[in-house]
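Colleague: Following the hints, position chain B against chain A.
Number of protein chains: 2
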Amino acid sequence: MNPDDGFRRIGIVGLGLIGGSAAFAARRVFPDAVIVGVDRDGDVAIAARQLGAVHEAGISLDSLAGADLVLLAAPVTANIAALERLSGLLDPGAVVTDVGSTKRAMLDGARRMLPGAPFVGGHPLAGAARGGLEASRPDLFERRPWVLTPEAQTPRPAVARVATFVSRLGAVPIEIDPGVHDHVLAFTSHLPQLTASALMHVVGEAVEDSGLRLAGRGLADTTRVAASPVSIWRDICATNADEILPALDALIETLRQVRDDLAEGHPPDRVFHSAGRWRRKLDG
Amino acid sequence: MNPDDGFRRIGIVGLGLIGGSAAFAARRVFPDAVIVGVDRDGDVAIAARQLGAVHEAGISLDSLAGADLVLLAAPVTANIAALERLSGLLDPGAVVTDVGSTKRAMLDGARRMLPGAPFVGGHPLAGAARGGLEASRPDLFERRPWVLTPEAQTPRPAVARVATFVSRLGAVPIEIDPGVHDHVLAFTSHLPQLTASALMHVVGEAVEDSGLRLAGRGLADTTRVAASPVSIWRDICATNADEILPALDALIETLRQVRDDLAEGHPPDRVFHSAGRWRRKLDG
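Heads up: the sequence lines are chains A and B, in that order.
Be aware that the first sequence starts at 1, since it is given in this note's numbering, and climbs by one per residue.
Be aware that the second sequence starts at 1001, since it is given in this note's numbering, and climbs by one per residue.
Just chain A, with the same shape it has in the complex (with noise of 0.2 angstroms):
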């Protein structure tokens, strides 16, 4: 298995935003590849053949047999789910990624149900507004890291040839341990995905649709993913909750100060100082 190696058939599981955008991606920059995408909505399939995303389309992983690279792009737990059908599908040689949000669950997954095929955990750092087929766009991964988190038993050719798919792809391939990931992104993306959603559930519930005509950007902003899709959220808190509780209490904890401040009648000046300058290394 070489890493330069062409790919003659790539498959990918879960046509959203990610799955469909990694085909748009993979059928320009990978023209001899036969792209096949399933997704268990059949709608979603034909759709996604209609748009030009992939050469086939279907809701039966039985499609994935022959293929060189599979691409797990649906929600945790339903990728851990197609590992076991995927296991006596595959040919000798075939890797197997994913894009997850949460690592260490699926790589148990891989190890228990997935012996025979390598698997190389993957996350790209790529998002927009809007999620679903119809978001996908051919370019949603350029420049952006795309986070690879093989272990020490993960052969190595596996790992660089996925890493040259997601270059290709436009991305920027990163290696991390599996647990370092589900520790930094618990508090760079779902302790911020649950503060959006308990803070537009707070505040609909105190204002309701009168009050909430006379929020401005801010309130806008703050929320945006609050609109997520809800079953990808699930399997996340549901493959990451013993990192997401110690972040959801350092943020109570320092709600709590804010208040006591307030209470006492100060601004939370010190909150307000190393937020602003954290906020402004985020902008690079």
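Calculated from the structure, these hints are not laboratory results.
Ideal Cβ positions, reconstructed from N, Cα and C, are used throughout, including at glycine.
Don't take each hint at face value.
[What the hints assert, rightly or not] A short, non-exhaustive set of chain A residues, derived as facing chain B with CB atoms under 8 angstroms: (1) V225; (2) A227; (3) T254.
[Said to hold, decoys possible] Computed beta-carbon distance windows for the label pairs: (4) B/S1231 with A/I59: 56 to 62 angstroms; (5) B/V1172 with A/G132: 30 to 36 angstroms; (6) B/E1134 with A/G93: 55 to 61 angstroms; (7) B/E1175 with A/A81: 52 to 58 angstroms; (8) B/E1208 with A/R137: 28 to 34 angstroms; (9) A/S231 with B/S1231: 39 to 45 angstroms.
Modeller: Relative to chain A, chain B alone:
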């Protein structure tokens, strides 16, 4: 005092994003008026004149003598401090308004310190990712709500005059009780700010620079307002703490429920679904 009278001399105190944008818009829609800008930062005053936002600019409120309308666009406590000086300066018939994010403290100040001139509280619900004079633009208020908070004793001709002024700037005037304003904004604006600041502080301290490099659009959106000027938010906290505290308590309580759900192995479905529903309403 006729609300349709032209404005001959318009004073604007505080030449940040809101004051600067009001100056640019006023120059355009009141071509016969002299626009006078005051900022405690002399460099900002000079820049405002050089950029063409105002005809005259300085650091002293004295230049507002003869104005028929004064718009206070500094942070709330600076606006309150300006009232006393204004009371000795303005001609009978001049009307004073403000753009502060909290209204009850400002109205208390006007009752105490500006007995001679009619004061109409105001709050344009317009903003931008960046603050400051350099981010100002004449179309900032275009079709945005501009809340006015008259009290029972506020002269109706003064309210009509301010409503005319903000309509000409492109905004949509909406009258709301000052207490209702401060309650609703505690949820729709002040709580999101404190939440974004607390979140950014917690995330930055936990993952530091190396982890922030793995952050995607979700964290960036959710924390955008954490880069807002601290001076404005200190004043908002100081003048609306009694409304912000119950809002913070509600958020902390919801985050605790989310935490308990996760600790028991459940996704926080109720919050996810409620948040998604309210978020879609926010988008209209």
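Colleague: Now tell me if each hint is right for this structure.
Modeller: Checked hints:
1. V225: For A/V225, the interface hint holds, since the closest Cβ of chain B sits about 5 angstroms away, which is under 8 angstroms.
2. A227: 4 angstroms, holds
3. T254: 4 angstroms, holds
4. B/S1231 with A/I59: 56 to 62 angstroms: 57 angstroms, holds
5. B/V1172 with A/G132: 30 to 36 angstroms: 33 angstroms, holds
6. B/E1134 with A/G93: 55 to 61 angstroms: 58 angstroms, holds
7. B/E1175 with A/A81: 52 to 58 angstroms: At roughly 57 angstroms between Cβ atoms, A/A81 and B/E1175 fall inside 52 to 58 angstroms, so the hint holds.
8. B/E1208 with A/R137: 28 to 34 angstroms: 32 angstroms, holds
9. A/S231 with B/S1231: 39 to 45 angstroms: 43 angstroms, holds
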